[in-house]
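S.K.: Chains as they are written, first to last, in numbering that gives the first Met the number 0: chain A, 0 to 334; chain B, 0 to 556.
Source of the hints: derived by calculation from the structure; they are not laboratory data. As the structure is a prediction and not an experimental result, all values here were calculated from the model. Glycine is no exception: its CB is placed at the ideal position from the N, C-alpha and C atoms. A portion of the hints provided could be inaccurate.
[Claimed, not checked] Beta-carbon label-pair distances, calculated as ranges:
1) R265(A) / R468(B): 58 to 64 Å
2) A442(B) / A258(A): 48 to 54 Å
3) R350(B) / V84(A): 37 to 43 Å
4) A258(A) / I333(B): 57 to 63 Å
5) L164(A) / A74(B): 45 to 51 Å
6) G155(A) / A42(B): 53 to 59 Å
[What the hints assert, rightly or not] Sample of chain A residues with no beta-carbon within 12 Å of chain B, all distances over it, derived:
7) K15
8) L149
9) E156
10) P202
11) I205
12) R273
13) Q297
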Amino acid sequence: MGAFPFSAIVGQEEMKRALLIAAVDARVGGVMIFGDRGTGKSTAARALAATLPPIPMVAGCRYNSHPDEAARSPDHVPDAKVRTVKAPVPFVDLPLGSTEDRVVGTLDLEAALTRGEKRFEPGLLARAHRGFLYIDEINLLEDHVVDLLLDVAASGENLVERDGLSVRHPARFVLIGSGNPEEGELRPQLLDRFGLSVEVRTPEAIDDRVEIMRRCDAAERDPAGFAEQWREEDAKVLKRIAKAKSALPKVEAPDAAIADMAELCRAVGADGLRGELTLLRACRALAALDGKKAVTRQHIRAIAPLALRHRLRRNVLDETGSTVRIERALGELFG
Amino acid sequence: MTAAGNDGGSDPALALALFACDPIRLGGIVLSGDGPVRDAMLAHLKTTLSGDRAWVRVPANVDIARLIGGLDFAATLASGRPVHAVGLIEAAADGILLLPMAERMAGEVAVPVAQALDEGQLAAILLDDGRDDEETVPDRLAERCAFICHVGGLREFGAAGWPAAIACDAVAPLADEQRRALAATAAALGVVSVRSAIFADRAARGHAALHGRREVDDDDLAAAVRLVLAPRATRLPESVPPPPESPPEPEAQQDAAGDSEQQPPTDADLADMMLDAATAAIPPDVLAAIGKGVRRHGRGAGGRAGQKRKSARRGRPLGSRAGTPGHGKRLALIDTLRAAAPWQTIRRRERAGQDDDRLQLRLSDLRIRRFEQRSTSLTIFAVDASGSSAMARLAEAKGAVELLLAEAYVKRSEVALIAFRQTAAELLLPPTRSLTRARRALAALPGGGGTPLAAGVLAAHGLAEQAERAGSTPLIAMLTDGKANVAYASGGDRSTAMEEAMAAAKQVADSGIASVVIDISPRPREEAAALAAAMGGRYLPLPHAGSAAMVAAIESL
Numbered sequence: 000m001g002a003f004p005f006s007a008i009v010g011q012e013e014m015k016r017a018l019l020i021a022a023v024d025a026r027v028g029g030v031m032i033f034g035d036r037g038t039g040k041s042t043a044a045r046a047l048a049a050t051l052p053p054i055p056m057v058a059g060c061r062y063n064s065h066p067d068e069a070a071r072s073p074d075h076v077p078d079a080k081v082r083t084v085k086a087p088v089p090f091v092d093l094p095l096g097s098t099e100d101r102v103v104g105t106l107d108l109e110a111a112l113t114r115g116e117k118r119f120e121p122g123l124l125a126r127a128h129r130g131f132l133y134i135d136e137i138n139l140l141e142d143h144v145v146d147l148l149l150d151v152a153a154s155g156e157n158l159v160e161r162d163g164l165s166v167r168h169p170a171r172f173v174l175i176g177s178g179n180p181e182e183g184e185l186r187p188q189l190l191d192r193f194g195l196s197v198e199v200r201t202p203e204a205i206d207d208r209v210e211i212m213r214r215c216d217a218a219e220r221d222p223a224g225f226a227e228q229w230r231e232e233d234a235k236v237l238k239r240i241a242k243a244k245s246a247l248p249k250v251e252a253p254d255a256a257i258a259d260m261a262e263l264c265r266a267v268g269a270d271g272l273r274g275e276l277t278l279l280r281a282c283r284a285l286a287a288l289d290g291k292k293a294v295t296r297q298h299i300r301a302i303a304p305l306a307l308r309h310r311l312r313r314n315v316l317d318e319t320g321s322t323v324r325i326e327r328a329l330g331e332l333f334g
Numbered sequence: 000m001t002a003a004g005n006d007g008g009s010d011p012a013l014a015l016a017l018f019a020c021d022p023i024r025l026g027g028i029v030l031s032g033d034g035p036v037r038d039a040m041l042a043h044l045k046t047t048l049s050g051d052r053a054w055v056r057v058p059a060n061v062d063i064a065r066l067i068g069g070l071d072f073a074a075t076l077a078s079g080r081p082v083h084a085v086g087l088i089e090a091a092a093d094g095i096l097l098l099p100m101a102e103r104m105a106g107e108v109a110v111p112v113a114q115a116l117d118e119g120q121l122a123a124i125l126l127d128d129g130r131d132d133e134e135t136v137p138d139r140l141a142e143r144c145a146f147i148c149h150v151g152g153l154r155e156f157g158a159a160g161w162p163a164a165i166a167c168d169a170v171a172p173l174a175d176e177q178r179r180a181l182a183a184t185a186a187a188l189g190v191v192s193v194r195s196a197i198f199a200d201r202a203a204r205g206h207a208a209l210h211g212r213r214e215v216d217d218d219d220l221a222a223a224v225r226l227v228l229a230p231r232a233t234r235l236p237e238s239v240p241p242p243p244e245s246p247p248e249p250e251a252q253q254d255a256a257g258d259s260e261q262q263p264p265t266d267a268d269l270a271d272m273m274l275d276a277a278t279a280a281i282p283p284d285v286l287a288a289i290g291k292g293v294r295r296h297g298r299g300a301g302g303r304a305g306q307k308r309k310s311a312r313r314g315r316p317l318g319s320r321a322g323t324p325g326h327g328k329r330l331a332l333i334d335t336l337r338a339a340a341p342w343q344t345i346r347r348r349e350r351a352g353q354d355d356d357r358l359q360l361r362l363s364d365l366r367i368r369r370f371e372q373r374s375t376s377l378t379i380f381a382v383d384a385s386g387s388s389a390m391a392r393l394a395e396a397k398g399a400v401e402l403l404l405a406e407a408y409v410k411r412s413e414v415a416l417i418a419f420r421q422t423a424a425e426l427l428l429p430p431t432r433s434l435t436r437a438r439r440a441l442a443a444l445p446g447g448g449g450t451p452l453a454a455g456v457l458a459a460h461g462l463a464e465q466a467e468r469a470g471s472t473p474l475i476a477m478l479t480d481g482k483a484n485v486a487y488a489s490g491g492d493r494s495t496a497m498e499e500a501m502a503a504a505k506q507v508a509d510s511g512i513a514s515v516v517i518d519i520s521p522r523p524r525e526e527a528a529a530l531a532a533a534m535g536g537r538y539l540p541l542p543h544a545g546s547a548a549m550v551a552a553i554e555s556l
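Here chain A stands alone, though its shape is the one from the complex (with noise of 0.2 Å):
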């Protein structure tokens, strides 16, 4: 079954902002995705993958080398000459059971036990760098295997010193999660990690449902046809996405609107600098996907439910939601 196409996920605004961000700049950190079930989540984070035009990789490479960075791969033969394929962006759906072992990678066991041979096989992270990596009900994980993520996701390596490796290898990949908030809470520490959050809710409206119906059942009956239909859109989305990339560098915010961050973070009582940073980041990134030059008060007021109602400290008889809390403190900061 192929991805359905992205442009034709209906509503969800929020989340394809977010997604669409995460895009333009790996930098913003991860997408976290709260939401009930059937919503759409993982459906949108497949649909954006599949949408991205295939990108260089060696040939033959466990590790998803870029060609330019063929020799930081452990998979690397000196010498050797490096042969380039497309492959499409990687999408790594990581399973609930996962340990440490299938994410990190280990000795490869088939290599030592029937040929004596010390090989590292590489993990779900090797397999993960220059695309998604999607963790359903992140909040059901165990806490280690997140933090490892977590801390590969930071630093963009993965370092592994065990069963007698060393190993290193690049692994730069966009973290997206998703959960259930009903199901269990996720560690403050934890969701300040994450670069954006976005709260998904069944569509209310019984016209975006009917869509949904609607553009379910067609992908059903003629995936290909389907998709040709959206294909228009999709490129569209595409190079919007392409234009921002090479836009962003350019892209600037002014000290009134750093101000304006500054105030915001304050006054919403977000801890921490990384909310700061994120929401400068992902506002550079929303003006360059509007195709702007600089940040303006409208990014900010866009992005800053999503960049910061993950970091506000709990407050767990105030029922307010913290987007509430940040609308509020929006509405009085700039009117």
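With chain A's structure known, arrange chain B on it following the hints.
M.R.: Frame of chain A, contents of chain B only:
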């Protein structure tokens, strides 16, 4: 209305027939309730399924390795080359994966199955033998199955006489107003997942195909609602919200319209009809659950984060033992070599003539690492040190804590002490086994002031969660009379203080942390009992108990 489209037997039989036509697209079917009828249904399905579809029965308590496959160690070692074992999910490709005792399924097993369902690799039949609400099929899987059927009470299932179906694809897609009616019905029943609406769409078309209709009619819609939406209802419909784009008619006109019979059926009529069908088809246990106001949760969904687990991968190393590595169990290389070493000469001789000077390993040599996770228990005393808890009671509480501490010292379990009075809760004693420290903290425990109960509960809860993540098992013991009068947020009055305390207590219940409320007021109060109920813990009125009785009560938990 319930009888509509029911010409071939019971609703479960109908669901089964629909499922048999297009299992992969319908995801799966949950059959709950044991019995001969269910066995007959399965047998019938197996014979009805078209072509050579795989039919793989997963053993109960299957481990994830068996499910997703991997290296077959025994075969690999015997043959000296890698041999892969095919996982059950792979074996069931494009066919049926039958999961018995699905209500007891471990979360790590449910996830790969859910992923396989998402990717359309297979269809699942989940057999649910759960007897109470505590054990249900993991939500994650039930959500991905079109049908949920209760077959336990069924005496017979009339499978015979299903008309030969035309292909599902020969049925025209649902009209927009039909989809609108399905969506509105789902909304009215509180079925939020869009997946269910999509399944209802497919089921309606399947039903039409089953009856040889090329267009979906009202019967088909009603069947889809009964079979797909009704079992997932989370609320009872009051009335169907009018479809948004049809302008709301004035009351009087509507009454008039009700009399005229020539009026063509509107969207609202269609939705009303379907809602009737749905309401009649909501299974009794779902109705009961709705009535009690509880949402049915899939407890088997894999547990909470930070839940204590026996671990093969972390904790204090315990040495190794024989076993095959993989899926969380790590090879203890040195121990494996050590186990194999003595046999090398003999094994080489056995393989004589093969000129093989590699290390000769056998399956029995493999050793895996074992870890012991420190599993301690932590009793968190949250003591109400306010003026309303008389000072004498406080002394008793102190005595109890001290006695428990002495006990804990022997059992190597830990104790923590939180006091709440005036405006806040204070952690007087972080988790410790130290008697001296505990005594000192207790001696310094001040009394008097208001009762910030919510603050106390929250502090205890926070500490308990922390302990749980660190791998120990917490128990919260609240010593209070349950009368909150200081609000958590400044400025709140007595009633908000009480509300907040209850909200905080609910969180404890939600997190599933064990708790006990010891009512230390001279005369037992309903407040404390209510608090215990909200925390999901036990209530112990101890009107005249001394510290020894209190200790005995906690020990008995």
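S.K.: Check the structure against each numbered hint from earlier and tell me which ones fail, lowest number first.
M.R.: Checked against the structure, the hints that fail are numbers 1, 5, 10 and 11, while the rest are satisfied.
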